[in-house]
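Participant: Next come the chains, spelled out residue by residue.
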Amino acid sequence: MKGGWLRIYAIGYLVFLYLPVVLLPMFAFNEGTVIAFPLKGFTTEWFVQLAGIEALHGALLNSVFIALVTASLSVIFGICAARASTRFRFPFKGPIMGAIMVPLVLPEIIVAVSLLVVVVQVLDLPLSAWTVIAGHTLICTPFAIAILSSAFQGLDQSLEEAAVDLGETRWGAFKNIILPLVSPGIVASFLICFTISLDEFIIAFFLTGAEPTLPVYIWSQLRFPTKIPAVMALGTLMLVASLIILSVAEYYRRRGVERVGGKDSGGFL
Amino acid sequence: MSIISLKAIEKYYGDYHALKGIDCEIAEGEFFSLLGPSGCGKTTLLRVIAGFEDVSSGTVVIGGQNMAGVPANKRPTNMVFQSYAIFPHLSVAENVGYGLRRARLPRAELAEKVNGALKMVGLEGFGGRASHALSGGQRQRVALARALILEPKVLLLDEPLSALDKKMREQMQTELRRLQRQVGITFILVTHDQEEALIMSDRIAVMFEGEIAQLAAPQELYRRPLTRRVGEFIGVMNFLDARQVDTGISQVRFDVDGLGEVEIKPEQLPKGARSFYSVVGLRPEALSIVYDGSPKSAVPGKVVDLSYYGDMTYYEVQLEGTSSPVTISMKNLTSRPVLERGAETQVTWDAGSLVVFAS
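Chains as they are written, first to last, in our numbering: chain U, 5 to 273; chain X, 397 to 755.
Careful, some of the hints might be misleading.
[Said to hold, decoys possible] Pairs of lysine-lysine, DSSO-like flavour, derived with a Cα cap of 30 Å:
{"#": "1", "chain 1": "X", "residue 1": "Lys509", "chain 2": "U", "residue 2": "Lys179"}
{"#": "2", "chain 1": "U", "residue 1": "Lys44", "chain 2": "U", "residue 2": "Lys231"}
{"#": "3", "chain 1": "X", "residue 1": "Lys403", "chain 2": "X", "residue 2": "Lys509"}
{"#": "4", "chain 1": "X", "residue 1": "Lys563", "chain 2": "X", "residue 2": "Lys515"}
{"#": "5", "chain 1": "U", "residue 1": "Lys179", "chain 2": "X", "residue 2": "Lys470"}
{"#": "6", "chain 1": "U", "residue 1": "Lys179", "chain 2": "X", "residue 2": "Lys549"}
{"#": "7", "chain 1": "X", "residue 1": "Lys692", "chain 2": "X", "residue 2": "Lys661"}
{"#": "8", "chain 1": "X", "residue 1": "Lys549", "chain 2": "X", "residue 2": "Lys509"}
{"#": "9", "chain 1": "X", "residue 1": "Lys549", "chain 2": "X", "residue 2": "Lys470"}
Hints were generated in silico from the structure; no laboratory data involved.
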């Protein structure tokens, strides 16, 4: 059979990638307290148990707050950078844009350690949700720029000039013409930044204060074998939430591309 | 009375000298074209008038008002962009009515004006359509309606027809002309298409390298190009080396390569210049192939190539004593069978259509 091995490779690849993820909801609904086969019976008890853990709720709220603020900041910075890079010419544009995008590929552990040193040793600030927000904004902004740049790039420059020509001020043209046209990109980048911040572990682990974020809390619970099924249930919920958010983000990004009549040039999904 | 007057406009982009002292008066209600190859500065000049580009020096006066420091949104000009720049997230009616938003008209009055503008460009009843679903020609019309609804003193058109196919382009050329006569607004058209400029304009400014090479009405421009370059750019022109042999009171005689001695009138000489050596230019229709009779001035030639257009045939004919063949256009009539490649023939000319360039 032609391409037989390639097909086997592709299937093997997908199994390796997604089998662990499928195991997560399986054990979340499993009656046994031990994570092992054979499965015992179906239960939703672990989900019920989740609802009763106070510390978990605190961690969840903490994470959502951090993710919301991080996403907002990243999108604002992203809009500024994407517009500057697509609309204006200025000296050292290449190196500047490169420097902004580097955190995308920088090992997070390096970012986390150096931020910890700066915050604690140099600035002498207490660790809090805001230090985590600072770290998350640093790594989320490049994602926002990447998505928003493609939204801004697809725009015909004359659109803005046409609005000005018809009596609009520069700001009015940006607000009434440019922003509505890139709004799908704004929504998409907001959701992606939100997701990244929500499940980011390393930076949060280093920079978090007395109130842990959700991933840090989950990690701390793994030491107690009896809590593991509940963690599985929590993981299942987060998996579903992430999938929904990413799908919505991709939907908006594609709609944006369609709206300005551009060609789809990738994206994250 | 001139609606726009440009005085000594200079524009630099860094070291690049884009506009080199443009002086130009554009009359009220005229259809004016800026014609030139790409990179000649015609679009830059249009954007200077619109207020999208600052001038390095010089003044722009529109309707008697100096435009220095007046931004694009406060100028009495509106523009039709090359890409049309239709706002894709707004409907056709919202696009057309965009410029009136600030006027805060009552809803009924706004709708009436938008309908009027759409009717003017032949898009009645299109108001509710989504603008991204329009064809190229329709987008062009929406852009026109959107600009004209504000009743500007001057309408600026930046290569508005270049994105349309040939049929559509010809149709829009006629329509733009009709529209311009109807609204009586001054139109300034930027184009690289000499035929389009000839068809549509009252006057044409031919630009090369940031300078106006010649500003004239279409007929004058075609018949009497000031320089060889203008002659070459507008239509087709044959150039032949020539030597002045004799100057009389009512005629000047030239010895033209390939044609021999030619008598022309003194008005045909370039102003001021009376150089001994010259180049003469002849349009393809100023030369003709002799089918019958024997005109007193005719020279032998050989057909090296031909292009048959149905109504016309363009011959490439090699004359004796010239390096390259000349182009001759002939109307096709039944009494004038199309010649074959390699045919020997006689060529005559209309001395009155000869253009003399100071070499």
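Participant: Next step is simple, just say for each hint if it's right about the structure.
Facilitator: Hints, verified against the model:
no. : hint                 : verdict
1   : X:Lys509 to U:Lys179 : 25 Å, holds
2   : U:Lys44 to U:Lys231  : 17 Å, holds
3   : X:Lys403 to X:Lys509 : 36 Å, violated
4   : X:Lys563 to X:Lys515 : 22 Å, holds
5   : U:Lys179 to X:Lys470 : 19 Å, holds
6   : U:Lys179 to X:Lys549 : 28 Å, holds
7   : X:Lys692 to X:Lys661 : 18 Å, holds
8   : X:Lys549 to X:Lys509 : 18 Å, holds
9   : X:Lys549 to X:Lys470 : 12 Å, holds
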